[in-house]
Amino acid sequence: MTVPRGTLGIIAGGGELPIAIAQAAQDHGRAIFVVALDGMARPSDVDPFPHGFVSLGELGKAIKLLQHAGCDEVTLAGKVARPDFTKLKLDARGALALPRIMAAALKGDDALLRALLAIFEKEGMQAIGSTQAAPDLLAPFGSLGRLEPSPEDNGDIVHAIRVVAALGALDIGQAAVVCQGLVLAVEAAEGTDAMLARVAGLPIAVRGTPANRKGVMAKAAKPHQERRVDLPVIGVRTVELAAEAGLSGIAVEGGAALIMGRVRVVETADRCGIFVHGFAPEDYKRE
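Under our numbering, the sequence shown has 263 at position 263, and the numbering climbs by one with no breaks.
Derived from the structure by calculation, the hints contain no laboratory data. Do not take every clue at face value.
Unchecked claim - Mimicking DSS-like on lysine-lysine, the simulated pairs with C-alpha atoms at most 30 Å apart in a straight line are: (1) Lys87 x Lys61; (2) Lys107 x Lys64; (3) Lys107 x Lys61; (4) Lys61 x Lys122; (5) Lys64 x Lys89; (6) Lys87 x Lys122; (7) Lys64 x Lys122; (8) Lys107 x Lys79; (9) Lys89 x Lys107; (10) Lys79 x Lys122; (11) Lys79 x Lys89; (12) Lys122 x Lys107; (13) Lys79 x Lys64; (14) Lys89 x Lys61; (15) Lys89 x Lys122; (16) Lys61 x Lys79; (17) Lys87 x Lys64; (18) Lys107 x Lys87.
What the hints assert, rightly or not - Quick list of the computed label-pair ranges, beta carbon to beta carbon: (19) Glu152 x Met102: 40 to 48 Å; (20) Ala118 x Asp38: 16 to 24 Å; (21) Ala189 x Asp38: 14 to 22 Å.
Since the model is a prediction, treat every value here as computed from it, not as a measurement. Beta carbons: idealized from backbone N, C-alpha and C, even for Gly.
I would like the entire structure built from these sequences, with the hints used as guidance.
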């Protein structure tokens, strides 16, 4: 049977985001095909969808799978760990592209992702962002639940945004935690969840508690980031960890961040007594 054109190809790394995109696209009636990356995407996650597994170095196999499925658009989502290039399983197409991929990897994660997208675009597929593939996941502006940032929280958000901008300019991370003007943690390779867990382990003299909440986590895209991939993401677990760390809330850039399971995120935030707020950068610029 011939597969009709118009299928969305999802190159799936680790985590929940690729699955959230796949489900959202299907819910809107779009055909999808998932190319799951070995050692990153979990078989149990992709089993409900049409899919195939490839190594990060099997670019030829990935291209053939996408073309056979009739994919005219492709998106890359999820955590893509930088591989050990000396041990990477390669096919002919992957071996040909390897020098360019390695050179891009030396320039940072953003350059690596751009290089991967360019390969699929050269094969005639349009590379699109997660927000185009699943617009329902895009963070809105304003507060999502019943709680809003206080004036003190807004001050912490301003400082956290500045910190995140500095981190992003150096291609380090997308998130920071600030409490009463003090930077408690910044995100690096360990990811947002591990950063929040570190905050929960700090002395209560410098952070909030569930009984006396204070401090915020802000998460935003890097200043020069390739916005078709690797946008900031939060989900239910992010809210739970922020609550356990005693924070007042979470701020993400409205229109430039993704929220997985928005209904559950709002329910969890309201139950835990913290805010989730989509900020507009221009509203938080201060001299």
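To see whether the hints hold, each was checked on the structure:
1. Lys87 x Lys61: holds (18 Å)
2. Lys107 x Lys64: Distance ~28 Å between lysine 107 and lysine 64 Cα, so the pair holds.
3. Lys107 x Lys61: Distance of about 26 Å is within 30 Å: holds.
4. Lys61 x Lys122: holds (15 Å)
5. Lys64 x Lys89: Distance of about 17 Å is within 30 Å: holds.
6. Lys87 x Lys122: holds (26 Å)
7. Lys64 x Lys122: holds (13 Å)
8. Lys107 x Lys79: Distance of about 18 Å is within 30 Å: holds.
9. Lys89 x Lys107: The hint holds at about 22 Å.
10. Lys79 x Lys122: Status holds; Cα separation ~23 Å.
11. Lys79 x Lys89: holds (19 Å)
12. Lys122 x Lys107: holds (21 Å)
13. Lys79 x Lys64: holds (23 Å)
14. Lys89 x Lys61: holds (12 Å)
15. Lys89 x Lys122: holds (22 Å)
16. Lys61 x Lys79: At roughly 20 Å apart (the allowed maximum being 30 Å), lysine 79 and lysine 61 satisfy the hint.
17. Lys87 x Lys64: Distance ~23 Å between lysine 87 and lysine 64 Cα, so the pair holds.
18. Lys107 x Lys87: holds (20 Å)
19. Glu152 x Met102: 40 to 48 Å: The hint (40 to 48 Å, Cβ to Cβ) holds, given that glutamate 152 and methionine 102 are roughly 47 Å apart.
20. Ala118 x Asp38: 16 to 24 Å: holds (22 Å)
21. Ala189 x Asp38: 14 to 22 Å: holds (21 Å)
Violated hints are absent here; each numbered hint is respected by the structure.
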